[in-house]
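**Q** Spelled out from the first residue to the last, the chains are:
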Amino acid sequence: MCLLSRDTFISGGLAPLAVFMMLVAPSAQAASPKTFSIVGVENEYANVAAQIGGRYVHVTAIESDPNTDPHSFEASPTIARDLARADLVIENGLGYDDWADKLLAATKSQDRKVIKVQTLLGLPDDTPNPHLWYKADTMLKVAMAVEKRLAEKMPAHQAVFEKNFAQFQAAMATWSGAISAFSKAHPNLPVAVTEPVADYLLQALGANIETPGALEMAAMNDTDPSPQDIAKENALFDGHKVKVFLYNQQVTDALTDNFLARAKKNGIPVVGVYETMPTPGFNYQSWMMAELAAIEAAVTKGQSTERLVAAK
Amino acid sequence: MTLLSFLPAGFLDSGPVQRALVTGAVAAVISAIAGVLTLIRGQSFAGHALTDVSAAGGAAAVLFGAGPLAGFLAGALVGGFGMETVELRRRSERDLVAGIMLGLGLGVSALILGRIVSSGSNGGAPVTILFGSLFILPPGVILPVSICGAVAVVLAALFTRPLLLAALDPDLLTVQGGSPRLMRLVHLTMLALAVAVSSLTVGAILSTAFLIGPAATATRLSARPGRTMALAAILGLIAGWGGILMSYKSYDWTDGHAWPVSFCIVALIVAAHLLLPPVFGRLLKPRQKG
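Quick note, the sequences are listed as chains A and B, same order. Residue numbers for the first sequence follow our numbering, beginning at 1 and rising by one. Residue numbers for the second sequence follow our numbering, beginning at 313 and rising by one.
Take the hints with a grain of salt, since some may be wrong.
Computed spacing ranges between beta-carbons, pair by pair [to be verified]:
1) B:Ala579 with A:Ser183: 39 to 49 Å
2) A:Ala178 with B:Ala378: 42 to 52 Å
3) B:Phe376 with A:Lys184: 47 to 57 Å
4) A:Pro280 with B:Gly377: 44 to 54 Å
5) B:Ile550 with A:Met289: 49 to 59 Å
6) B:Ala579 with A:Asp257: 30 to 40 Å
7) A:Leu121 with B:Val463: 53 to 63 Å
8) B:Ala321 with A:Asn221: 21 to 31 Å
Some, not all, of what chain A presents toward chain B, calculated at C-beta under 7 Å [what the hints assert, rightly or not]:
9) Asp222
10) Asp224
11) Leu255
Not close to chain A: a few residues of chain B, all C-beta gaps over 10 Å, as computed [as the list claims (entries may be wrong)]:
12) Gly411
13) Ile459
14) Val466
15) Gly489
If you are wondering where the hints come from, they were derived from the structure by calculation, not from laboratory data. Since the structure is predicted, the reported quantities are computational estimates derived from the model, not experimental observations. For glycine and all other residues, C-beta sits at the position ideal for the given N, C-alpha and C.
Taking the hints into account, I'd like the entire structure generated from these sequences.
**A** Shown next as C-alpha cells:
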C-alpha cells in the first residue's frame, strides 16, 4: 500500500500562484513517469482507493490534518498540481469540497476520472448532511467504482484488484454485522452531538439524536446557535437524558468546549468523531470498528474515548 | 415577577442570555457617554476607523488563543493613540488619517481572519469578530466587561466638566488651567473601552452603530450634554436589551433560525433614530428663541 498523506498546510493569498500552477501543470504531467495516480480529497477515500489499488497505484490524500476543519479548507498550488496530474480523483461532493470542483474544472483532462461520492450514492444537492463516510454503504460503493476503473485501465492486474476488493468487502460486512448487532442490543439509544458528523452512523445504529437540528447545523456551518437550542443541549446533559455525547474533534470553539465540559461534569461519556480519518495506524475499516467499539464502551461501561488511538 | 411576565419562559434563566444582557448593558452605557463626546467633537468617522483597528486586535487575540476582548481593547487603544499623535501634526487632515487607519485596520483583519479560518478549526471567527456573537460569550466574560464599564464610568464621573469643555471649547479649558490634550486622551481611553465592549456585543464593524446611533438620537432630543448622555444610555439600553429579546423571540417566528442579535439591536437603534426625534423632539428639546 502506498499512501502518501500530506499535512494540509495552507497559506493564504496564494490564489494567483495556484492559477499559474494550473497553467503549467499539463506539460509537467506529460513528462512524469506513468504510475496510476489517485487523489483522495479526504484521506478516508484515499485510504480505500489505496486498499483496492495496492502497489499498482500512487495515492495522495489532500485533507488529512486532524487539527483543521475540512469545511473551511483552502487549496494550495501543490494541491492544484496533484489534482491536475491525477488519473483518478475521489471527492465527497455536497459542497464539502467545492474548491476541488473548481480546480478540476480549471484543469481539463481526457484521461482523468472523477468519482464524486455524492453522485455515486445518488444524493440530491440539498442533502443536509455531507459526512458521507459515516454512512455504512458508502465505502463499498466507492471501492467498487475504484476497482472498476482500475480494472479498465490496468486489465493485467485485474485479479489483484478483485482480490483486494473482496477483502475490503469482507471487512465492510463485519462492520455492517457489528452495526446491526449494536442496534439490536441498544435500540433507540439517546445521544447528543455537536454537529452531524456521525449522524449517518447513528441513524444506522437506530439511535435517537436528541440535539436540536438547528444547533447541529449552526455548529457545522459556523453560525451562531440560538440560546434556546443551547439550553436544550445543556438540559440533555444536566438531566442525564443522553447515554453518550459524540464530539467532533476537528471543529471546536468556545461553545463546543462548554458542551464538552458540561457532559463531563454530568458523567456523560464522550466519544470523538472525525471529519477525516484519524492518523496514524488506522485504515477505514479499523477506524469505523474503533468508532463503534468506542460508542459501545460508552454505552455499556460509561467509558469516554475522546480521541481514537489505533491499537499498535 | 409579574413585572417580567411578558418575557418568554426560560429567557432570564439562560446563561447565554444573562451574559448577553450584562455585556449589552455595559456596552450601551459607556458607548452612550463616549458617543456623545465623540459627536460633540465631530469625530464620528474617527470613531468608526477606531472600531476597524479594534477588529484587527480582536482577530489577533483569537489567532493567538486569547479572548477577543483584550484584543479589541488593545487594538482600539493603539488605533486611538496612533490617530492622536498624527492628528497633532496635521489637524486639518483628520478624516484622511481616519480613512487610512480604517483601511489598515480592515486589511490587517482580513489577513488575520483568513489565517484563522484556513489554518484552524474556528470558521466562525470572522462573523464573531466583525458582526458579533453575543449569545456565545464564554462564562468568564462578565468580570472583564464589568471592569471596562467601571473604568469608563469612573473616568466620566471624575472628568465630566473638563471632558465636555475640551470637546466644546478647548481654548476656554486652557484659559481655566485645564489640559485639552489630557482630556483628548481620557476621551480616547473611554472610546476604546466603549468600542471594545460594543465589539463583543454587535461586532467590531457594527460597534459604530452603538457608539453613534443612540448618541445621535439623544442629541436630537436634548440640548444639555448631561441629559443627552443619560438619554443616549437609556436608548442604548433599550436597543441592546430589546435586540436581545427580539433575537430570542425570533426563534419562534423563524422555526429555529433566529435572527442575529446584531441585526436586531441595530434595527432598533435605527428605528429609534427615525421615529423618536419627530415625535418627542419638541417635547424634550426647548425651541430656539428668535
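**Q** Does each hint hold? Answer for all of them.
**A** Results of checking the hints against the structure:
For alanine 579 (chain B) and serine 183 (chain A), the Cβ-Cβ distance of about 48 Å falls inside the hinted range of 39 to 49 Å, so the restraint holds. Under the hint 42 to 52 Å, the C-beta atoms of alanine 178 (chain A) and alanine 378 (chain B), about 44 Å apart, fit the expected range. In this structure the hint that phenylalanine 376 (chain B) and lysine 184 (chain A) lie 47 to 57 Å apart at CB holds, the actual value being about 50 Å. About 26 Å separates the C-beta atoms of proline 280 (chain A) and glycine 377 (chain B), a value inconsistent with the hinted range of 44 to 54 Å.
For the hinted restraint 49 to 59 Å between isoleucine 550 (chain B) and methionine 289 (chain A), the CB-CB distance of approximately 58 Å keeps it satisfied. Under the hint 30 to 40 Å, the C-beta atoms of alanine 579 (chain B) and aspartate 257 (chain A), about 31 Å apart, fit the expected range. Checking the proposed 53 to 63 Å range against leucine 121 (chain A) and valine 463 (chain B) shows it holds: the Cβ atoms sit about 58 Å from each other. Roughly 28 Å separates the CB atoms of alanine 321 (chain B) and asparagine 221 (chain A), a value that falls within the hinted 21 to 31 Å.
A hinted interface residue such as aspartate 222 (chain A) counts as satisfied when its beta carbon comes closer than 7 Å to some beta carbon of chain B; here the least separation is about 4 Å, so the hint holds. For aspartate 224 (chain A), the suggested interface contact is upheld, since its CB lies about 5 Å from the closest CB of chain B, less than 7 Å. Of the supplied interface hints, the one on leucine 255 (chain A) holds, with its beta-carbon coming within about 5 Å of a beta-carbon of chain B, less than 7 Å. The Cβ of glycine 411 (chain B) lies farther than 10 Å from every Cβ of chain A, with a closest approach of about 24 Å, so its non-interface assignment holds.
No beta-carbon of chain A comes within 10 Å of the beta-carbon of isoleucine 459 (chain B); the shortest separation is about 20 Å. Valine 466 (chain B), annotated as away from the interface, keeps every beta carbon of chain A farther than 10 Å; the closest lies near 30 Å. The beta carbon of glycine 489 (chain B) is kept farther than 10 Å from every beta carbon of chain A, the shortest such distance being approximately 49 Å.
In the structure shown, a violation is registered for the earlier hint numbered 4 alone.
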